[in-house]
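Participant: Letter by letter, the chains look like this.
2 protein chains.
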Amino acid sequence: MSAHIHAQNKTTEMERNVLLIEEQGSFAVGGKRIVKDGNFDLTNPLQPDGQTYHGDHAYVFYQVPPKARKYPLFFLHGAGQSKKTWETTADGREGFQNIFLRKGFGVYLLDQPRRGEAGRSTVEETIKATPDEQFWFTQFRIGNYPDYFPNVQFPKDEASLAQFYRQMTPNTGAFDGKVITDAVSQLFDKIGEGILVTHSQGGGPGWFTAIKNDKVKAVVAYEPYSSFVFPEGELPEPIQSTGLFGALKGVEIPLSDFEKLTKIPIVVYYGDNIAKEPTQVWNKDHWRSGLEMARLWAKAVNKHGGDATVIHLPEIGIHGNTHFPFSDLNNREVADHLAAWLREKSLD
Amino acid sequence: MSAHIHAQNKTTEMERNVLLIEEQGSFAVGGKRIVKDGNFDLTNPLQPDGQTYHGDHAYVFYQVPPKARKYPLFFLHGAGQSKKTWETTADGREGFQNIFLRKGFGVYLLDQPRRGEAGRSTVEETIKATPDEQFWFTQFRIGNYPDYFPNVQFPKDEASLAQFYRQMTPNTGAFDGKVITDAVSQLFDKIGEGILVTHSQGGGPGWFTAIKNDKVKAVVAYEPYSSFVFPEGELPEPIQSTGLFGALKGVEIPLSDFEKLTKIPIVVYYGDNIAKEPTQVWNKDHWRSGLEMARLWAKAVNKHGGDATVIHLPEIGIHGNTHFPFSDLNNREVADHLAAWLREKSLD
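Chains as they are written, first to last, in the UniProt record's numbering: chain A, 1 to 348; chain B, 1 to 348.
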C-alpha cells in the first residue's frame with residue numbers, strides 16, 4: 001500500500017516536472033523489398049536493373065520512461081495525418097505522447113506505411129496541392145466553416161488553426177489497410193504485448209491488427225468511421241447519411257476472425273456535435289452514421305462474449321470535442337478518462 | 001571551478017543513465033498559404049473554390065534538457081532523408097539526437113519543407129518506386145556495391161542495411177533551396193540563437209540561412225557537396241569529376257552576402273574513402289570534387305577574415321567514415337570531435 005502511494009506521488013511529480021526517459025529512438029518496421037530483374041552495373045548505377053527498393057514499412061518513434069507500466073501504448077494516426085497527431089497540440093500544449101509518458105507508459109508513435117517519414121512506397125503516387133482546408137475544418141467538426149461550434153474545444157486563433165492545417169501530410173502511395181495492418185502487427189511482434197490506440201481511418205487497420213496478433217491486449221479507438229467488422233451473416237443494413245461519403249456499410253469477416261475481437265477489452269470514443277437524428281448538416285450526419293454503426297458493432301462484439309464499450313463524450317459530461325479529442329483544449333480530461341478505463345481493465 | 005566540475009559530473013551521469021527532458025514537442029514553422037479564387041460553398045465542400053492550403057513549412061521535433069547549454073543545435077538532413085538521419089542508427093545505437101541531448105544541448109530536428117511529416121507541398125509531385133539502393137550504397141560510400149570498403153564504419157549485417165535503406169523518404173514536391181532556407185530561418189527567428197548542423201544537400205540551405213539570419217551563431221556541415229558560395233568575381237574554375245553529377249561548380253553571390261559567412265565559426269567534415277587524386281571510381285571521385293571545392297571555399301572565407309575549417313576525418317586519425325559520419329559505428333568519436341570544436345569556439 002505504501003509502495004502504491006509512493007508510486008502515485010512519483011507520477012504526480014513527473015506530471016509537473018522534468019520528463020524522465022529510460023530509452024528513446026526510432027526504427028522502421030514491416031514493409032516489402034522489391035528487386036528489379038537484371039544485374040546491377042556499377043558503371044551505370046542509375047539504371048534500376050538488379051537494384052532493390054525497400055518500402056511500405058512503418059516508421060516508429062518511441063520513448064519509454066523508467067519503471068514503465070506493463071503495456072506500452074502504440075499510437076496509429078488517421079487519414080492525412082502522421083505521428084504529429086499525438087504530439088504537441090495546435091496551440092502548443094502537450095499531446096498524448098507527453099501526457100501518457102508522464103503517466104508512466106511507454107509510447108510508440110507510428111507514421112503508417114506511405115506517410116510521413118515512412119514515405120518509401122512500393123506504388124507510384126501523384127500528390128496535388130488542392131486547397132481543401134475549409135472542408136477539413138468542417139469534416140473534423142471544428143464547426144461549419146467559417147463558424148466554430150459554440151462549445152468547441154478548439155482554439156479560435158489563426159495561428160493555432162494554421163498549425164492544425166500544417167500537421168496534415170499526404171499519402172506517398174495509396175492507402176492500403178492490409179499493408180498498414182502488416183506493419184503494425186510486426187511492430188507488436190518486435191516489441192511485445194501492448195495497447196493499440198487508433199484515430200479515425202486508423203481504426204480499420206486497428207481492428208485487423210488485433211485480429212491478426214494476440215499481442216494486442218486492448219484497442220482504444222478515437223472516432224473510427226469505416227471498417228467496422230461483423231461476422232458473416234450478421235452484417236447490419238447500411239446506415240444512410242447525408243455525409244459526403246454517403247451510406248456507411250459494415251465489413252463482413254469470418255466468425256473465427258471476429259471472435260478474436262471478443263477476447264480483449266475495447267473502448268471507442270466519439271466527441272461532440274454529432275447529430276442524434278438524421279440531418280442535412282453533412283458533417284454532423286456523417287459522424288452520426290459512424291457512431292450508430294459503432295454501437296451496432298459493439299453490440300455484436302458483446303453478443304459474442306466480448307467487452308466493447310462505445311463512449312459518446314457529451315453523454316458523460318465531456319462537451320465540445322472535435323474529431324481529435326486527444327488534442328482538443330480538454331485533452332487532459334480525455335486522457336484521464338482513458339487512464340481510468342485502462343485501470344478499470346487492469347491494463348495499467 | 002567546483003561548479004564546473006559538478007556540471008561535468010552531471011553530464012557524465014546523464015550520458016550513462018536516464019535522459020532528462022525539460023521540454024519536448026513539435027510544430028510547423030515557415031511555409032506558404034494558398035487561397036483559391038472564389039467562395040467556399042459549405043454545400044459543395046470538395047470544390048477547392050475559396051479554400052486554403054498551407055504548405056512548404058518545415059516540421060520540427062525538439063527536446064531541451066534541464067539547464068541546457070546556451071545554444072541549441074538545429075539539425076537539417078540531406079537528400080532523400082528526414083530527421084530520422086539524426087535519430088537511432090541503422091544498427092540501433094544512439095544518434096546525434098540522444099548523444100547531444102546527453103551532452104546538455106537542446107536539439108531541434110527538422111523535416112525540411114516537402115519531406116517527411118512536412119509533406120504538404122505547394123507544388124505537385126509524382127513519386128515513383130524506382131529501385132536505386134545499390135546506387136545509394138555506393139554514392140554514400142559504404143563501399144562499391146556489393147563490396148564494403150574494408151575499413152568502413154558501417155555495420156555489415158542485412159538488417160542494418162535494410163534499416164538504412166528504409167530511412168529514405170521521398171520529396172513530396174521539388175527540392176527548393178529558397179523554400180527550405182526561408183523555413184529554417186524562421187525557425188531561428190522563433191527559437192533564437194543557435195548552431196545549425198547540416199548534412200549533404202542540407203549544406204546549401206545551411207549557408208543561405210546563415211547569410212539570411214544572424215541568429216545562426218555557427219554552422220557545422222557534414223559532407224556538403226553543392227552550393228558552395230563565393231563572392232562575385234572570385235568563383236573558382238569548375239572541378240572536373242568522374243562522379244555522376246559531373247563537374248562541380250561554385251555559386252556566385254554578392255560580396256555583402258558572402259561576408260556574413262565570415263562573421264561566424266564554421267566547420268565542415270568529410271569522411272573516408274574519398275580519392276586524393278582524380279580517379280575513374282565515380283563515388284570516390286564525386287566526393288573528391290566536393291572536398292576540393294570545400295577547401296577552396298574555406299580559403300575564400302578565411303581570406304575575407306572568416307573562420308572556416310575543413311576537416312577530412314582520416315587526416316586526424318578517424319578512419320572509415322561514410323557519407324553519414326554522425327551515424328557510423330564510430331559516431332561517438334565523431335560527436336566528441338564536434339563537442340570539442342564547439343568548446344574551442346566557446347559555443348557550448
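Check before you lean on any hint, since a few could be wrong.
The list makes no distinction among identical chains, and a pair is therefore deemed to hold if it is satisfied within one copy or across any two copies.
As the list claims (entries may be wrong) - Calculated pairs, DSSO-like style, for lysine-lysine (alpha carbon to alpha carbon, straight line, at most 30 angstroms): (1) Lys-128 to Lys-32; (2) Lys-36 to Lys-70; (3) Lys-36 to Lys-156; (4) Lys-32 to Lys-156; (5) Lys-276 to Lys-128; (6) Lys-156 to Lys-249; (7) Lys-128 to Lys-178; (8) Lys-212 to Lys-70; (9) Lys-249 to Lys-299; (10) Lys-156 to Lys-190; (11) Lys-128 to Lys-156; (12) Lys-215 to Lys-67; (13) Lys-128 to Lys-36; (14) Lys-303 to Lys-32; (15) Lys-299 to Lys-260; (16) Lys-215 to Lys-260; (17) Lys-212 to Lys-260; (18) Lys-190 to Lys-249; (19) Lys-128 to Lys-260; (20) Lys-36 to Lys-276.
Keep in mind that the hints were calculated from the coordinates and are not lab data.
Computed from a prediction, not measured in an experiment: that's the story for all the values here.
Participant: Is it within a copy, between copies, both, or neither that the alpha carbon of Lys-128 lies no farther than 30 angstroms from that of Lys-156?
Facilitator: within (28 angstroms within a copy, 40 angstroms between copies)
Participant: Is it within a copy, between copies, both, or neither that the alpha carbon of Lys-128 lies no farther than 30 angstroms from that of Lys-32?
Facilitator: Both. Shortest intra-copy (26 angstroms) and inter-copy (15 angstroms) distances satisfy the 30 angstroms Cα cut-off.
Participant: Using 30 angstroms as the alpha carbon limit, work out where Lys-299 and Lys-260 are close: within a copy, between copies, both or neither.
Facilitator: Within one copy only: 15 angstroms inside, 68 angstroms across.
Participant: Is it within, between, both or neither when you check Lys-190 against Lys-249 at 30 angstroms Cα-Cα?
Facilitator: neither (34 angstroms within a copy, 47 angstroms between copies)
Participant: What label fits Lys-36 with Lys-70 when the C-alpha limit is 30 angstroms: within, between, both, or neither?
Facilitator: neither (44 angstroms within a copy, 50 angstroms between copies)
Participant: Reference check for the pair Lys-128 and Lys-36, CA-CA at most 30 angstroms: within, between, both, or neither?
Facilitator: Both: 28 angstroms inside a chain and 14 angstroms across chains, each within 30 angstroms.
Participant: Cα distance capped at 30 angstroms. Does Lys-36 pair with Lys-156 within a copy, between copies, both, or neither?
Facilitator: between (51 angstroms within a copy, 22 angstroms between copies)
Participant: First find the shortest C-alpha distance between Lys-215 and Lys-260 inside one copy, then the shortest across copies, and answer within, between, both or neither for a cut-off of 30 angstroms.
Facilitator: Within one copy only: 11 angstroms inside a chain, 56 angstroms across chains, cut-off 30 angstroms.
Participant: When no copy is specified for Lys-276 and Lys-128, does a C-alpha distance of 30 angstroms or less occur within a copy, between copies, both, or neither?
Facilitator: Neither: 36 angstroms inside a copy, 45 angstroms across copies.
Participant: From the Cα coordinates, with 30 angstroms as the cut-off, is the pair Lys-215 and Lys-67 best called within, between, both, or neither?
Facilitator: Within one copy only: 20 angstroms inside, 40 angstroms across.
Participant: Cα distance capped at 30 angstroms. Does Lys-212 pair with Lys-70 within a copy, between copies, both, or neither?
Facilitator: within (21 angstroms within a copy, 49 angstroms between copies)
Participant: How would you classify Lys-303 and Lys-32 at a CA-CA limit of 30 angstroms: within, between, both, or neither?
Facilitator: neither (38 angstroms within a copy, 52 angstroms between copies)
Of the numbered hints given earlier, the model fails hints 2, 5, 6, 14, 18, 19 and 20; all others are met.
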